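Novice: Using the sequences and the accompanying hints, generate a full structural model.
As given, the protein sequences belong to chains A and B, one line each in that order. Numbered per the working numbering, the first sequence spans residues 1 to 113. Numbered per the working numbering, the second sequence spans residues 1001 to 1118.
What the hints contain is simulated information worked out from the structure, not anything from laboratory work. Just so it is clear, the structure is predicted and the values come from calculations on it, not from any experiment. All residues carry an ideal CB built from backbone N, CA and C; glycine is no exception. Honestly, I wouldn't trust all of these hints.
Claimed, not checked - Estimated spans, in silico, between C-beta atoms of each pair:
(1) S68(A) - K1014(B): 50 to 56 Å
(2) S51(A) - Q1029(B): 37 to 43 Å
(3) S73(A) - K1055(B): 36 to 42 Å
(4) H1085(B) - K112(A): 22 to 28 Å
(5) N38(A) - K1066(B): 43 to 49 Å
(6) A113(A) - V1003(B): 27 to 33 Å
(7) P1099(B) - E17(A): 27 to 33 Å
(8) A113(A) - D1065(B): 27 to 33 Å
(9) K1014(B) - K56(A): 44 to 50 Å
(10) E1087(B) - G16(A): 41 to 47 Å
(11) A78(A) - S1015(B): 47 to 53 Å
(12) G98(A) - P1008(B): 27 to 33 Å
(13) A1072(B) - S51(A): 42 to 48 Å
Stated by the list, open to error - Listed below are several chain A residues computed to face chain B (Cβ distance under 10 Å; list not exhaustive):
(14) Q33
(15) R41
(16) L75
(17) A78
(18) A82
(19) T84
(20) S86
(21) A90
(22) K100
(23) I102
(24) F103
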Amino acid sequence: SQQGEEDPQALSIQEGENATMNCSYKTSINNLQWYRQNSGRGLVHLILIRSNEREKHSGRLRVTLDTSKKSSSLLITASRAADTASYFCATDATGTGGFKTIFGAGTRLFVKA
Amino acid sequence: GAVVSQHPSRVICKSGTSVKIECRSLDFQATTMFWYRQFPKKSLMLMATSNEGSKATYEQGVEKDKFLINHASLTLSTLTVTSAHPEDSSFYICSALSPGGGIIEPQHFGDGTRLSIL
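Specialist: Here it is as structure tokens:
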């Protein structure tokens, strides 16, 4: 089955720096999403990018999608200590088994104040 | 925005107990809900897809008799961990797909249930 791989697995930066996380996937997708998860909590949806889109912005977030390389990146600009969390990419696909979302392994981001 | 309520948020119980977790979509009808399991510092693993009025579709390796899923209404799906043992301890998260979801908008997630079996 499809599985997203993310790198880096962990990232530690200083407040104010930019954080870039990458995600790769294996099969065709409808769209790709990025989620944030604070420790012990549920997922917060950050941004959705459709398979026919290449770039999307939302506030300090910038997401790119390269379907030819089956990869995506999430850029958080001017990071803050409150951005400390785990970030997951997730791909939506519809196949013989119906609609399904597959999550990447995640990147744990730590922003030092 | 759409809200999914998951209850309870935390359960601690003895080995052998059956535990029921509820997932409710509060302001939309969800024909499809999903149940995920997450181990510490790991990603979410899809356990099963729950469709209203029909049997759940389980992922490979997930025991149907162990993890009972019921989706009796358009706003409620339940996951029952039967005869739970310490290895079932985990963080369980549900999500609900709104009409048009998957294409137009993403799933909506509950806040998760931390299950600890002693």
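Novice: Now, for every hint given, state plainly whether the structure supports it.
Specialist: Do the hints match the structure? See the list:
no.	hint	verdict
1	S68(A) - K1014(B): 50 to 56 Å	53 Å, holds
2	S51(A) - Q1029(B): 37 to 43 Å	27 Å, violated
3	S73(A) - K1055(B): 36 to 42 Å	39 Å, holds
4	H1085(B) - K112(A): 22 to 28 Å	40 Å, violated
5	N38(A) - K1066(B): 43 to 49 Å	29 Å, violated
6	A113(A) - V1003(B): 27 to 33 Å	31 Å, holds
7	P1099(B) - E17(A): 27 to 33 Å	41 Å, violated
8	A113(A) - D1065(B): 27 to 33 Å	49 Å, violated
9	K1014(B) - K56(A): 44 to 50 Å	48 Å, holds
10	E1087(B) - G16(A): 41 to 47 Å	43 Å, holds
11	A78(A) - S1015(B): 47 to 53 Å	48 Å, holds
12	G98(A) - P1008(B): 27 to 33 Å	29 Å, holds
13	A1072(B) - S51(A): 42 to 48 Å	34 Å, violated
14	Q33	5 Å, holds
15	R41	6 Å, holds
16	L75	20 Å, violated
17	A78	25 Å, violated
18	A82	18 Å, violated
19	T84	14 Å, violated
20	S86	8 Å, holds
21	A90	8 Å, holds
22	K100	7 Å, holds
23	I102	7 Å, holds
24	F103	5 Å, holds
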